[in-house]
Amino acid sequence: MDEKYNAETQKTAVPPVPPAQNPAPNPPRKVRRVGTFTFGLLLVAAGVLLILRAAMPSLDLRFVVSLLPVALIALGIEVLVYAARPNVKLKYDVLSIFVCILILFGVGGSSVLLQLWNEYGPAAHAAEMRLGDELQSDVTVTLRSVPALGDNIYDVSVVLDFNHGVTDPATETVQPGDRAQLYVTVYQGRYNSALEFAAMARQVVDACRADGLPFNSYRFDTYTYDVPDDAVTYSLDLETEWQITAGAQELAENVYQSYWYDGNAFSGYEDMANYQQEMIRQDLIEDYQDKFGESPTEEWLDEQMDALGMATAESAAA
Numbered sequence: 046m047d048e049k050y051n052a053e054t055q056k057t058a059v060p061p062v063p064p065a066q067n068p069a070p071n072p073p074r075k076v077r078r079v080g081t082f083t084f085g086l087l088l089v090a091a092g093v094l095l096i097l098r099a100a101m102p103s104l105d106l107r108f109v110v111s112l113l114p115v116a117l118i119a120l121g122i123e124v125l126v127y128a129a130r131p132n133v134k135l136k137y138d139v140l141s142i143f144v145c146i147l148i149l150f151g152v153g154g155s156s157v158l159l160q161l162w163n164e165y166g167p168a169a170h171a172a173e174m175r176l177g178d179e180l181q182s183d184v185t186v187t188l189r190s191v192p193a194l195g196d197n198i199y200d201v202s203v204v205l206d207f208n209h210g211v212t213d214p215a216t217e218t219v220q221p222g223d224r225a226q227l228y229v230t231v232y233q234g235r236y237n238s239a240l241e242f243a244a245m246a247r248q249v250v251d252a253c254r255a256d257g258l259p260f261n262s263y264r265f266d267t268y269t270y271d272v273p274d275d276a277v278t279y280s281l282d283l284e285t286e287w288q289i290t291a292g293a294q295e296l297a298e299n300v301y302q303s304y305w306y307d308g309n310a311f312s313g314y315e316d317m318a319n320y321q322q323e324m325i326r327q328d329l330i331e332d333y334q335d336k337f338g339e340s341p342t343e344e345w346l347d348e349q350m351d352a353l354g355m356a357t358a359e360s361a362a363a
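Numbering (the numbering used here), first residue to last: 46 to 363.
No wet-lab data here; the hints were simulated from the structure.
Calculated lysine to any residue pairs in the SDA-like style (CA-CA distance at most 25 Å, straight line): (1) Lys-336 with Asp-347; (2) Lys-336 with Leu-346; (3) Lys-336 with Gln-321; (4) Lys-336 with Ala-352; (5) Lys-336 with Met-324; (6) Lys-336 with Leu-353; (7) Lys-336 with Gln-322; (8) Lys-336 with Glu-348; (9) Lys-336 with Glu-323; (10) Lys-336 with Asp-351; (11) Lys-336 with Ile-325; (12) Lys-336 with Gly-354; (13) Lys-336 with Met-350; (14) Lys-336 with Arg-326; (15) Lys-336 with Gln-349.
My request is simple: use the sequences and hints to build the entire structure.
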């Protein structure tokens, strides 16, 4: 019976389950450094632009700085392309991204530096000096040919300030956007009102424009060496096209008048008169102290000022 039971048990026994097998390992993912492709592309573009700049010195590369968003777009495309691949692991190349930004600013900055060199370097200075001397000679001939001007002008000078690059100082000319300023100084006492002074300025501008001289800024003033007391001097600045083309009557409203006493200039006659009164009053005090050894009274000072016709506002009100 035991043998029968064993036979039946063997027939109905569940066969043993084979041990589970380990799954096959996934293939290794490729590492892609985001920024490397953009870095290489930017190097190629920067090299091409610098070659073009060498072939065409007038090419302005400052616009390259504004292309930083394009580099960001290229980096974004790299991220999207590699992220769509399941077997690619992204790794951001921070150094390449940083160098990309430096290249953009470096290429754009090189144009700025070259522009500054061309505008303020030795070539620009030499061109400004040469053209300034030529313009000063030309304007001297122009203004001396007008008797009403030539006899009253003390001196003229020219100031040039280029706002463009200079490559050849020997052939450079004044360009639109450059500042070409003419300074005209007239003798003191030749013009006795703001309107007369403005009419002189109008004549100078008209004469320069008639001869094609490229001045776009003018400054007129009066020779102020050894100006006598109670004299009036004038000055006028013309900076805009509106001012330069205005009539004498309009220009007279912008003439600045200076009133002189004791070698000092005052912006108004009242300021000059107050200073004059103060100086005379101080002289009276010093003379009184030297003679009597003490300071005079205010009543005595007012009497002396009245006698000289220099009554102050306070004494006049009393």
